[in-house]
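Given only the sequences and the hints, what does the whole structure look like? Please build it.
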Amino acid sequence: MNFDFSDDQKLLRDQARKFLQDKCDRKSVRNILEDNQKNYDADLWSQISELGWTGTAIPEEYGGLGLGMLELCVIAEELGRALAPTPFSSSIYIFAEFLKSYGTDEQKKKYLSHIASGKKIGTFALSETNGKPKPNNIKTQHASDKLNGSKNPVSDGESADYIIVAANSDSNSNYNSLSLFIIDRNDPGVNIANLDTIDPTRPACTVDLKNVACERLGDEGSGWEMIDNIFNRAAVLFSFEQVGGAQVSLDEAKKYSLERFAFGKQIGAFQALKHKMADMYVKIELARSNAYYGAWALSTDSNELPIAAAGARVSASEAYNYASQENIQIHGGVGFTWEYDCHLFYRRSKLLSLNIGGIRQWKENLISNLEKRNIV
Amino acid sequence: MDFNDTPQEAEFRKKVRSFLEANAEKRSTLATKPKGDSGSSISSAGAPETVKGDYAAKVALDNAKEWQRKKADAGFAAILWPKEFGGYGGTPIEQVIYAQEEHDYFVHSGYFEIGIGMLGPTMMAWGKDEDKKRFLPKMITGEEIWCQLFSEPSAGSDLAGIRMKAEKNGDEWVLNGQKVWTSGAHFADYGMIVARSDPTALKHKGLTYFYVDMKTPGIEAKPIKQISGSANFNEVFFNDVRIPDSQRIGAEGDGWKVSLTTLMNERLAVGDPPGLDFDQIFEASKEIEVEDGLAVKNSEVRQKMADWYIQSRGLQYTKYRSMTALSKGQTPGPELSISKLVTASKMQDVSSYALDLMDMSGMVHQDQNPILKNLFQNGYFFSAAMRIAGGTDEVLRNIIAERVLGLPQDERSDKKLPFNELPSGKN
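Same order as they appear, the protein sequences are chains A and B.
Take 1 as the starting number for the first sequence in my numbering and just add one per residue.
Take 1 as the starting number for the second sequence in my numbering and just add one per residue.
These are calculated hints, taken from the structure and not from any lab test.
Backbone N, C-alpha and C fix where the C-beta goes; we use that ideal spot for every residue, glycine too.
Careful: at least some of the hints might be erroneous.
Said to hold, decoys possible - So the derived list for chain B, only partly shown, Cβ under 8 Å to chain A, looks like this: (1) Asp2; (2) Phe282; (3) Tyr309; (4) Ile310; (5) Gly314; (6) Tyr317; (7) Thr324; (8) Leu341; (9) Val395; (10) Asn398; (11) Val404; (12) Leu405; (13) Pro408; (14) Asp410.
Listed below in structure tokens is the structure:
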């Protein structure tokens with residue numbers, strides 16, 4: 001039994017944590033939060049790219065470091081702890097994973113080295129309307145090698161150089177008619193407009209497409225299957241980010257409860273708060289363990305991945321939502337001020353639990369995959 | 001990251017497997033449908049029942065003793081004990097591996113766990129050599145069964161608040177008072193007991209630890225019938241019970257220190273949790289009809305089940321993390337402290353929700369009930385006890401808050417006053 005990260009991976013974690021403490025403090029997170037002109041921290045992005053983080057799990061032949069997914073999980077946890085305001089998840093967990101899994105050799109050569117170096121940023125455009133993306137609400141069309149439609153919201157779309165777009169190649173939209181296409185955001189038919197989000201350090205936008213040139217990614221009609229797979233892979237990585245953020249929420253709640261006195265003692269000495277923090281700890285440990293299992297499934301290409309990913313996703317989303325909510329509660333009045341940092345975690349936790357589908361959807365994925373496994 | 005044994009662990013597992021295969025009956029894969037009488041997979045978590053009738057209880061005890069003898073002969077009865085006392089001289093990870101493997105077989109080791117897991121190690125640490133030689137080997141073989149006489153009616157979560165009187169009279173001690181929640185007192189041969197030898201001392205200073213022969217005149221055990229209808233525990237009355245001073249373990253006034261040795265040796269909770277879990281309600285949901293068809297197809301049911309799944313597997317993977325530490329020869333982190341807290345509430349939620357799904361038939365609690373043979377009815381009662389036994393939810397949250405998170409201890413009024421001056425609410 002070796003259900004833990006290796007010493008090298010732990011060393012990587014320590015280095016990443018130290019680096020981010022130095023280069024991504026709360027002030028730099030707030031710079032992005034409060035500056036409407038900035039979508040991400042460009043300095044931080046170029047520094048973590050130079051360190052090779054963006055290329056961690058991209059094969060060497062395509063310009064990456066060729067390390068494994070476990071190393072990427074370690075980095076994800078640290079990015080989550082630091083609330084790093086970068087497009088890392090869109091470009092690395094999602095765009096790069098799509099290319100690694102479904103790109104032709106030519107496409108990998110063309111895109112992955114730029115993504116690995118951090119010189120270019122990629123993202124994915126799926127949703128078009130309120131509610132869960134499904135065949136009947138994806139209207140973007142692919143015809144005569146051009147894309148037409150409108151995507152909303154698209155995470156990190158304003159920062160992106162390349163966008164993978166989900167579109168129907170058939171006017172009769174169904175589960176076998178969706179395909180994926182790569183576009184260049186500089187195409188004159190692409191029109192991008194910023195959207196405010198619940199966490200402005202993680203921006204989103206609308207992407208309108210008018211006769212936009214595109215190249216196909218993966219097999220025609222297999223869009224939903226590819227999305228399921230890549231979202232499963234991303235879910236594990238996101239779960240590490242979420243566990244990281246949840247842990248800091250608990251740490252900061254604890255710290256405050258030891259500094260703040262009321263009724264003649266530290267508020268952390270009251271059982272009502274002690275028990276609340278114990279519950280935060282329990283949820284975070286369960287989430288961490290579920291995330292570890294996801295990491296194992298991801299790194300070994302196990303056919304358990306859909307179940308492991310959904311378990312990690314649900315557990316980590318719930319733990320972070322709970323920890324960030326109760327962190328505000330433990331802080332009392334100052335907890336809901338702009339000045340205190342509690343809201344940074346409260347914003348980030350909710351955004352992260354929505355960006356590749358909400359908790360409700362992932363619970364449904366979990367049970368339906370368990371049903372499928374039982375039948376097999 | 002992998003789930004494989006090290007070569008040494010694999011070797012040990014192989015030995016355990018071949019012993020079990022040759023000597024015990026394997027459980028069917030449908031562990032959710034216990035063989036024989038009502039809900040044995042649930043009640044197996046506690047000590048054996050007595051309300052089943054004297055004859056059945058005796059047969060069960062004889063069977064367990066026979067099994068324990070075989071285990072002892074093979075060396076597996078006390079894996080962590082040193083060889084000189086008949087143990088295996090093994091490591092914590094070997095203990096875990098044995099427990100994992102034995103879990104798949106119909107055997108009952110519950111009668112001996114308190115002795116081997118907690119009381120034996122206490123005697124090893126604090127007892128006299130002649131006592132170790134006399135008692136420990138028979139504890140391992142199951143020839144003599146031991147019980148733990150700690151809790152009292154006014155000392156539950158607050159264990160150091162015990163009132164059992166121990167008065168010295170020449171070379172003897174006279175014990176008077178009442179113990180409660182004692183598993184197996186009615187069939188145990190010996191017990192370890194902590195009593196108040198000096199009520200004028202501070203609460204934790206006036207205690208002394210002894211062992212007693214349960215056949216000593218003046219000791220009477222009465223089963224406590226629980227809401228489940230079964231009786232896993234006893235109250236034990238001590239009426240002028242005279243024992244020689246040679247049965248004292250540790251110095252006079254050191255009873256609390258000795259008790260801590262007992263409590264710290266609580267069996268590593270790395271075996272599978274008992275009974276009722278996600279898997280059972282998932283199976284049941286495929287048989288139960290709700291308003292729009294099978295429960296398993298109902299969206300609300302699926303959402304709930306997902307919550308229990310992540311709790312259940314989250315605990316399982318947490319155990320893997322602890323096993324990893326053990327396997328590397330390290331001490332596991334505090335992760336395991338969450339296990340019972342999560343398991344007990346989950347079982348109560350699962351069973352209560354399953355009864356609701358069963359609708360009117362959920363009322364029925366007898367063997368004819370076609371759905372999983374009373375599993376959820378039994379779990380409904382058992383889980384209420386589980387949230388209290390072995391540390392209440394509230395005590396466990398305090399332990400996590402104080403020992404894991406380092407938050408301040410509760411303010412206490414019982415640390416500075418002599419025991420007999422503490423407010424008690426009864427006189």
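Item to check | Hints violated by the structure (numbers, ascending) | outcome: 9
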